[in-house]
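A.B. asks: Position chain E relative to chain V; hints supplied.
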Amino acid sequence: MSFVPPPGSRIPSGPAKILYFHWGIAVLLAAVSCVGFLMLFSVADGSLEPWSQRQMMRFGAGFALMLVVAMINIRFWRSLAIPSYLGSLALLVAVEFIGEVGMGAQRWIDLGFFQLQPSEVMKIALVLVLARYYDWLDPEKVSRPLWVIPPVILTLLPMGLVLMQPDLGTALLLGIGAAVVMFLAGVSLWYFGTAALAACAVVFTVMTSQGTDWQLLKDYQFRRISTFLDPSSDPLGAGYHITQSTIAMGSGGLTGRGFMQGTQSRLNFLPEKHTDFIFTTLSEEFGFVGSISLLGLYTLIIALGTLSALTNRDRFGSLVTGGITATFFLYFAINMAMVMGLAPVVGVPLPLVSYGGSAMLVLMGAFGLLQSAHVHKPR
Amino acid sequence: MSRQQFPKKDGPRISRRGLLLLGGQLGVVGVLGWRMRQLQVENSERYRLLAEENRINMRLIPPARGLIFDREGRALAVNRQNYRIVMIREQAGDPEEALNRLASLIEIPEAQRARVLKEVRQKSAFVPVTVAEHLNYTEFARVSANSPALPGIIPEVGLSRFYPEREATSHLVGYVGPVSEKDLKEQEDPDPLLQIPRFQIGKTGVEKLDEGKLRGHAGLSRIEVNSVGRVMRELDRTEGTAGANLQLTIDLDLQNFALQRLAGQSAAAVVMDVHTGDLMAMASAPGFDPNLFVFGISSTNWNGLLNDPYRPLSNKSVSGAYPPGSTFKMTVALAALADGAATVNETVFCPGYMEVGNRRFHCWRRGGHGHMNLHDGLKNSCDVYFYEMARRVGIDKISAMANRLGIGVRHDLPLPAISEGLTPTRDWKQRTQNQSWLVGDSINAGIGQGYVLATPLQLAVMSARVATGRAVVPRLVRGVDSKLIAPEEAPDIGLDPRHLAAVRGGMNAVVNERHGTGWRSRIEDDSLAMAGKSGTSQVRQISAEERRLGVFRNEDLPWNRRDHALFVAYAPVQAPRFAVSVIVEHGGGGSSVCAPICRDLLLQALYKGPPPLSAYPASDRDEIEQRRALQPEAPARPAHDRA
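Residue numbers (UniProt numbering), protein chains in the order written: chain V, 1 to 379; chain E, 1 to 643.
Careful, some of the hints might be misleading.
[Claimed, not checked] Example chain E residues on the side facing chain V (calculated, C-beta under 7 angstroms, incomplete): (1) Ser15; (2) Arg17; (3) Gly18; (4) Gln25; (5) Gly33; (6) Ser44; (7) Tyr47; (8) Leu50; (9) Ala51; (10) Asn54; (11) Arg55; (12) Ile297; (13) Val344; (14) Val480; (15) Ser482; (16) Val539.
If you're looking for bench data, these hints aren't it; they were derived computationally from the structure. No residue lacks a Cβ here, since even glycine has one placed at the ideal position from N, Cα and C.
So that you can see chain V by itself, here it is in the shape it has in the complex (with noise of 0.2 angstroms):
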């Protein structure tokens, strides 16, 4: 089917392309990224190695991959999306048997040169493949039950196998993130109703399957959830994490401690300093001002991004953005309320600051696909 432009719109072709580049977003994220290589480099001790150079180099790959998939027409993307949703599936089903076993968990595929996560990569694959289905489906089934069923399926797949990994965090990820484009795509809002409401009942079963049998979560996850609900019960344990790293946001107060002056990270008080809870390195350095820009400027490149999706009528495109604006939102949002004590420890990097050569590209990518979706919308 060939690409026939709405009437009275014109879709920008050719080099002049570049002109129609979100470029508010992308001077967004390449100011997140310096954060994040600044970070790095913080704790590092001063030190280029072995984070932040890296992260640039990565950061400089992804704006470029940004950039080339950007210049692709949506329309291309959109013919990819159900074979990428069934690569990634395929990769998710390969990782159960091939995978690298880090931190009691099977999540990547060693590609000699990049270990991939394909549980990442799946995260876009399947906001494209439910943008797909609903850029097809006709506006008027969009509620019927029997066409409610494919995306809970599309959805509920590559969910399940992440969760065998076993990785909560990224499986709530797929989940909600699946659930905001099938939101913004008009499914009535009871279904969502009784899918909290399901999901309640499943927290319950699963919170009362602990010590028995059945046990359906690791040992380790029940104990970051009671740890969660009460840190000080277990401060040198599992608690540790949360305990450490409110202390360090809060010992930063109003201005900071100085760059590179954090204790806390510095005499390595703070877990996984450079991934998950970098957050609390910045909060500890720069102290509110640090951390409130911070959040400042991510809730920038979320609006930015909403705003392109309620300006789109491309319904394909629209929902991209749409899903994929969600989906950063939801990782930094998490990961925040994380090292705040707001949330369970679920293991969510900080998007474009935590140090992770998949979490980059993927992210740059999408924000790739979201820019594509906005050079090529009619206008």
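C.D. replies: Just chain E, lined up with the frame of chain V:
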């Protein structure tokens, strides 16, 4: 699919939901911002404090322990450099291999090796583990010189207590040892220093009782540590103050001499300056090497000390309470005189026994002494005379006089386990034994038997008080941190000088008049002549029965049932300077066993060294010459039957 229509149909719907979504997201952002404010603005003080607590550790720097000297400034307890080797695993690599390398330089016994390997495994990689301690300098130097080839093996110098005089002052000075749970419980507000692993505190003797002065105050080092406790850097440091140095009243030469004279016996001797109360020597034999305890005593050594019938761990000079025997007679005499129950010249007839009711109390001389006044009663140690005195004056007044002379009261010295002795009264017997006091009890007490108990220290104090008429108080510490403590002028004891003179005359006669019980141990130099009193105290009450039946002679009894031998003395007679008491457990007769020791101690003290042979009676000179030739070798302990 009519794509052309969807902007019209779906646009508004997406917009509404999209705005709703954005609103929800902004709401979450608001919660996050609120939480940031809560943590970083409202409660930041609290968290700042917690972060500091995380980061900063106080480390105590143990102060150098105060030294202990004798009155001439000779060291009794010092801090010696303790050369030790520690290992840090993270630098050493394989601990087994590191130990092998080290073993080529110094000897590492198998047990020690096992202990080190176990400790290394248990502790964090950066915590130093002590591999060897108390190395000699040569070994230490050998390890230091090879340190470039021994990564992670670190030679260190610490301080550890050393007692250069070993046995001589073991009971006085005591020893230090690691803090025990019990030590911690005993203290109301324990010094944080006590928490330092391997910190040592005084366990006995002056080390224990003057612990407060000797310990000093800890220095403080503030260090920054990381999450696993590794020291990152020192932030600041305040040095502590070393403990105070103590100067004791003891004269080391005299102390050594006393111990040599007592060697081979289970015995105690006390020499006291009669004017200042300074304890010049306080010996308890046998002694033990306190250094064994500092190094960590082996169970073999410990059991050896514990099970020795001569009780080397006990300080007999202050904690041994013995029936004073005839050395108590001065007290009985002074009580009777002060009470007016007898006069100085009044005589008592001694037929060899005294009958009270249907009981017969014997004099040591079966045939009797005839008419005895105070002078002759003391000189001959006539029992009947003192039976009569005791009967007349009664136990309560005898005990009161004994207390006045320093017996049965506690003398406050920085020593543990000081015995109060015992001066019985009617009340006391009623209270403790629920029996009424009998005349026979008084009569027994008249010759220092029965319930009366005194320590060698108390007997020396008694002797000094009789010699001076002043209430001299013994003291053991002469100075703190090179500031001498002036001795207090002893108050007059308030006894009639004529009574005192009569008692002194009797004591003089004991030694310096022919047929006196101490005649053979007199000092020939008239200006230094000694006065004294012998005593032989029965270990068991029934031995009186045995003696009456003539079944046993003392020498026939097993060692631990023989009589204790005692002697108290002071010298010079004309102007007393030193008082002395000696007891030899199960030693036999006081005059033959203890009197010569008293004399030798007094001469040694008066001359501040070995006196000329001319001071000794001609009969003893050969023996003394021989003994001096043997010095400083201590005579071997005689093979007593220790059954």
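A.B. asks: A separate judgement is required for each hint: does it hold in the structure or not?
C.D. replies: Verification of the supplied hints:
no., hint, verdict
1, Ser15, "holds, 5 angstroms"
2, Arg17, "holds, 5 angstroms"
3, Gly18, "holds, 5 angstroms"
4, Gln25, "holds, 5 angstroms"
5, Gly33, "holds, 6 angstroms"
6, Ser44, "holds, 4 angstroms"
7, Tyr47, "holds, 2 angstroms"
8, Leu50, "holds, 5 angstroms"
9, Ala51, "holds, 4 angstroms"
10, Asn54, "holds, 5 angstroms"
11, Arg55, "holds, 5 angstroms"
12, Ile297, "violated, 38 angstroms"
13, Val344, "violated, 84 angstroms"
14, Val480, "violated, 45 angstroms"
15, Ser482, "violated, 46 angstroms"
16, Val539, "violated, 63 angstroms"
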